[in-house]
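Engineer: What follows is each chain in one-letter form.
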Amino acid sequence: MKKFLLILLVSFICVNSVMAFGSRKNAREIAEQIPELKNISCKFTQKKIQEDLVLNSGGNFKFISDKGVVFETLYPIKMITTYNSPRNKHINDIILAVSKKDYTYLDKNFDLDFTKLDERWQLVLNPKKDVIKQHLHSVVIDGNSGIDRIYIDTVNSGQTEILFDCEKE
Amino acid sequence: MKKFLRILFVGIFLILAIMSLSHPIKTETNILRTVVSEKNTDLLDLSNLYSAKINILVEGEEPEEVSETADKFNESALENNLKSISVDGNKILELYKDARAGLLSANTAKLLEKNDYEKVKENTIEMIYNPLGFSLLKPEEDPFLLFTDYIANLGDNINPDGIINYEDKYYRILNYEFDKDISLSPSLLNKRVKKIIGIQKQLSVNGVNVYLTGTPVHSYYASSRSMMEINIICVLSAIFVIFLCLTYFKNISVLIPVASSLLLGGTAGFFVTSLMFPSIHVLTFVFSTTLIGISVDYSLHFFVSKTKEKTGDEVLKEIFKSLSVSLLTTISAFLVLFFSHMELLKQIAAFTVTGLITVYLFVVLFYPVICKKIDVNNSSENPRWNFIFSPATRKIIMIILGIITISGLFFTTTNDDIRSMYKPSKKLMQAETLFANVVGINPKTSFVVVEGKNLQDVLEKEEHITEIIGATKYQAISKFIPSKSKQAKNRALMQKLYDTEISPYTSALKASSKVPAGDYLVYDKESFPFLEGFFLDENKTLMILYDFDKPELLSDIDGVEYYNIQQDISNLVKECRVNCAKLLIPVFILLFGLLAVIYKPKNALKIILPPLCACIFTIGLLGLLHISLNLFHIIAMFLIIGFSLDYSVFRFNGKKLVSDAVFMSCMTSVFSFMLLAFTGFKLISSLGFVLSVGLLSSYILSLLLISKEE
Chain A
1 MKKFLLILLV
11 SFICVNSVMA
21 FGSRKNAREI
31 AEQIPELKNI
41 SCKFTQKKIQ
51 EDLVLNSGGN
61 FKFISDKGVV
71 FETLYPIKMI
81 TTYNSPRNKH
91 INDIILAVSK
101 KDYTYLDKNF
111 DLDFTKLDER
121 WQLVLNPKKD
131 VIKQHLHSVV
141 IDGNSGIDRI
151 YIDTVNSGQT
161 EILFDCEKE
Chain B
170 MKKFLRILFV
180 GIFLILAIMS
190 LSHPIKTETN
200 ILRTVVSEKN
210 TDLLDLSNLY
220 SAKINILVEG
230 EEPEEVSETA
240 DKFNESALEN
250 NLKSISVDGN
260 KILELYKDAR
270 AGLLSANTAK
280 LLEKNDYEKV
290 KENTIEMIYN
300 PLGFSLLKPE
310 EDPFLLFTDY
320 IANLGDNINP
330 DGIINYEDKY
340 YRILNYEFDK
350 DISLSPSLLN
360 KRVKKIIGIQ
370 KQLSVNGVNV
380 YLTGTPVHSY
390 YASSRSMMEI
400 NIICVLSAIF
410 VIFLCLTYFK
420 NISVLIPVAS
430 SLLLGGTAGF
440 FVTSLMFPSI
450 HVLTFVFSTT
460 LIGISVDYSL
470 HFFVSKTKEK
480 TGDEVLKEIF
490 KSLSVSLLTT
500 ISAFLVLFFS
510 HMELLKQIAA
520 FTVTGLITVY
530 LFVVLFYPVI
540 CKKIDVNNSS
550 ENPRWNFIFS
560 PATRKIIMII
570 LGIITISGLF
580 FTTTNDDIRS
590 MYKPSKKLMQ
600 AETLFANVVG
610 INPKTSFVVV
620 EGKNLQDVLE
630 KEEHITEIIG
640 ATKYQAISKF
650 IPSKSKQAKN
660 RALMQKLYDT
670 EISPYTSALK
680 ASSKVPAGDY
690 LVYDKESFPF
700 LEGFFLDENK
710 TLMILYDFDK
720 PELLSDIDGV
730 EYYNIQQDIS
740 NLVKECRVNC
750 AKLLIPVFIL
760 LFGLLAVIYK
770 PKNALKIILP
780 PLCACIFTIG
790 LLGLLHISLN
800 LFHIIAMFLI
810 IGFSLDYSVF
820 RFNGKKLVSD
830 AVFMSCMTSV
840 FSFMLLAFTG
850 FKLISSLGFV
860 LSVGLLSSYI
870 LSLLLISKEE
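Sequences listed follow chains A and B, in order. Following this note's numbering, the numbering of the first sequence begins with 1 at its first residue and continues without gaps. Following this note's numbering, the numbering of the second sequence begins with 170 at its first residue and continues without gaps.
Treat each hint with caution, since some may be false.
[What the hints assert, rightly or not] Derived pair list, reagent style SDA-like, types lysine to any residue, alpha-carbon separation capped at 25 Å:
1) Lys307/B x Tyr674/B
2) Lys129/A x Lys694/B
3) Lys360/B x Glu398/B
4) Lys338/B x Thr82/A
5) Lys622/B x Phe604/B
6) Lys78/A x Lys665/B
7) Lys266/B x Gln50/A
8) Lys62/A x Glu291/B
9) Lys665/B x Glu629/B
10) Lys62/A x Tyr335/B
11) Lys128/A x Leu262/B
12) Lys288/B x Leu74/A
13) Lys290/B x Asn56/A
14) Lys290/B x Thr45/A
[As the list claims (entries may be wrong)] Some chain A residues well away from chain B (every beta-carbon gap over 10 Å; in silico):
15) Asn39
16) Ile49
17) Arg120
18) Gln122
19) Asp130
20) Val140
21) Asn144
22) Asp148
Everything labelled a hint here was simulated from the structure, so no lab data went into it. Glycine included, each C-beta is placed from N, C-alpha and C at the ideal position.
When you get a sec, could you build the whole thing from the sequences and use the hints?
Structural biologist: Here you go:
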């Protein structure tokens, strides 16, 4: 579960992916604490906040290891978003890099901070390259036994919070 | 008089040397240059597009090890001056931002043209709710996310550097390009590729495989292998010649004047060819080495006729007519090649004719002097290698040759695919196939060359073509840099959208009701280095089309040329093959005419029949062996005529010992060409086979058709 969220984070950033070198040790250490990724289905709720404007949405989320991630938004509009089309090729490349534990590739994109207190933990990803920094401040993942929340802070699109609820599956 | 002629010979040679060496001599290695004329430079440029590019494919069981190896490779490659095309994403994005009012994705532009604003808004909402999507601009700057949509659509045109999963293995692809000064120099290029291969070997460990593909890699392996094979052949040929000289003349020193004459002939041929042509094709050297086989005849005849009792001048007097007629007929055959439309044939003609004349003059002017002290053991009055067949045997051999020829001619086919001349090693072939599969290269790629008055004109033409080709996938500059007229049109479409639909956003998002001001996006080399490869000229670009099979749709557009390289080159090769084959007829008529004047028509026919029949027999044998006839086989026919007509002329003119000289000459040539037939480069090996068969059959036919009594 932790790992699939990592996929989300990396995928998010790779819209503007430009690579850089970074701390290899962090990615490897963190990855060691992430369980082996399995196919998973969850409910998700999403809140996009831009100044006074708040957009709520939600639906189903799936991770299929050989196909990538699928967001099936059910409200307020119905749409399915996948990241394996040519348009989202970069996203898919990085999803693959993360899900298959390609630390070398991952380290090029982020500075990673991982903190753990009892069962709760937090992972913060900060982009390394300027071209990414121009659009993304940071990504924060909060988790317990699994991933509970992803918080994406962007430069132009405000903040996005995605909450996952896998117990209700 | 002879002394004056010798000084004149040396003087002319020195003048040629000074003139030739005082200007840079270029070597052409592109095999297409043999068939592509100046008017087809676009085709040549297109085929050269990938000549300096090298692709690295890193394969492994785990993505981590693949990425790690790819990074190590990249570091080493950059240290070895390999150029990787890097893009300054920041700079490009800023340029696009400034010009965003004129930038629309193809899909959005179509929707706006149809005034389908509802669909445009629907797409915008989907982008807003896309969990992993975000805007590149603030909402008030781009309320409909048109700019984000445009940039996202460009994404699929940029080669990803991510991991690729293919058949349970993981791959990373690295693309590099050599600088032009390196790629145009075969020796420099090979040195660099050798280093790259070293890195490849070093990193292909622990289950990770590094594959190399691309033209420079093929050139390296082909030239390295050819070099080794040619060295072996040279050594074996030299041993064979030494063996013959020792056996026949019992004196190895005859090799000194022989080698000197060949060296002078080759050098003079090189000087004249370099003066006549802007660059010498490497195949000219390959074909012209056959000069050695022809011109060595003159020396052999001199030494075979030389005895202790005769002075050099007397020997020369005895063989002068044979030598002169041989020279005349051979250079006549090669001079006809000047009327061909192939530069390669013209170069071969210039090289061989000059070389032959030089060797002839060297033998005639200098041999009587320099060979005074070379004592050859020619005590026997009778030839040692004179093969006389009984009439019955002659008939049987003729019938066998006839049956092979006629039956083979029925199976004769042609093959004008230039790729059939080169067969890469299994390892390289495997790497190319794997690379194509992993990258998903579309084999049905064709090109369109677009020429205009200026770049804007070119871009407009490209855009017109994209409208015609419809859903066909393509790559072109206009995809990244729309023409100004297109940008103006987009700006108008965008303004119309704003005029109609912006009002709800102006208050909520404080968005402007006007499309943003800004300049047009224009091409500049420094900002868009990855587009440089699309330019063939300042005002000439290329478009790459995938799976396009209706070239007739583009035929009426001014300044637009469609190229299916594979097909176009095959057509050119076919045209050259047919033209060359047509030249064979005037060559034979010319030679017959010359010989008829010298020897009377009946004898001329006897002399010319062996090489003529040998050519037909060789074609028949190729048919029987199911080897398709190609351009280079036809070129080989000229060489067979050039070589083997001498056998007939010498036999016809010859004194008693001439058959020994003809036999030795034939054996040295056939032996060398037979060795060439076993080389790895198919072009050379097929030539070697054809020439050895042609020369041997011509020799046998000369034995059958020209009897000793004559």
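Engineer: Taking the hints in turn, state whether each one holds.
Structural biologist: Verification of the supplied hints:
1. With a C-alpha separation of about 13 Å, the suggested pair Lys307/B and Tyr674/B falls inside the 25 Å cut-off, and the hint holds.
2. Annotation: proposed proximity of Lys129/A to Lys694/B holds, straight-line Cα distance about 24 Å (limit 25 Å).
3. About 19 Å separates the Cα atoms of Lys360/B and Glu398/B, which keeps this hinted pair within 25 Å; it holds.
4. About 23 Å separates the Cα atoms of Lys338/B and Thr82/A, which keeps this hinted pair within 25 Å; it holds.
5. Using a Cα cut-off of 25 Å, the hinted pair Lys622/B and Phe604/B is violated, with the two alpha carbons roughly 38 Å apart.
6. Taking the CA atoms of Lys78/A and Lys665/B, the gap is about 28 Å. The hint is violated against a cut of 25 Å.
7. This hinted pair checks out: Lys266/B and Gln50/A have alpha carbons roughly 21 Å apart, not beyond 25 Å.
8. A hinted pair counts as satisfied when its Cα atoms are at most 25 Å apart, and Lys62/A with Glu291/B qualifies at roughly 24 Å.
9. Of the supplied pair hints, the one linking Lys665/B and Glu629/B holds, its CA atoms being roughly 22 Å apart against a limit of 25 Å.
10. In summary, the hint linking Lys62/A to Tyr335/B is supported, as the alpha carbons are separated by about 22 Å, within the 25 Å threshold.
11. Distance check on the hinted pair: Lys128/A and Leu262/B sit about 18 Å apart at the alpha-carbon level, within 25 Å; holds.
12. Proposed proximity of Lys288/B and Leu74/A is supported: the alpha carbons are some 19 Å apart, at most 25 Å.
13. Of the pairs offered as hints, the one joining Lys290/B and Asn56/A holds, with about 18 Å between alpha carbons and a cut-off of 25 Å not exceeded.
14. Between Lys290/B and Thr45/A the alpha-carbon distance is near 23 Å, which keeps this suggested pair within the 25 Å criterion.
15. Interface exclusion of Asn39/A from chain B stands, the closest Cβ pair being 16 Å apart, more than 10 Å.
16. The Cβ of Ile49/A lies farther than 10 Å from every Cβ of chain B, with a closest approach of about 12 Å, so its non-interface assignment holds.
17. Here Arg120/A stays apart from chain B, with its beta-carbon at least about 24 Å from theirs, past the 10 Å limit.
18. Residue placement check: Gln122/A keeps its beta carbon more than 10 Å from all beta carbons of chain B (closest about 20 Å).
19. With a least beta-carbon separation of about 6 Å from chain B, Asp130/A fails to lie farther than 10 Å from that chain, contradicting its non-interface assignment.
20. The beta carbon of Val140/A is kept farther than 10 Å from every beta carbon of chain B, the shortest such distance being approximately 15 Å.
21. Consistency note on Asn144/A: stated as away from chain B, and its beta-carbon is indeed over 10 Å from all of that chain's, at 21 Å minimum.
22. Listed as outside the interface, Asp148/A is consistent with that label: its C-beta sits roughly 16 Å from the nearest C-beta of chain B, beyond the 10 Å cut-off.
Checked against the numbered hints above, the structure violates hints 5, 6 and 19; every other hint is satisfied.
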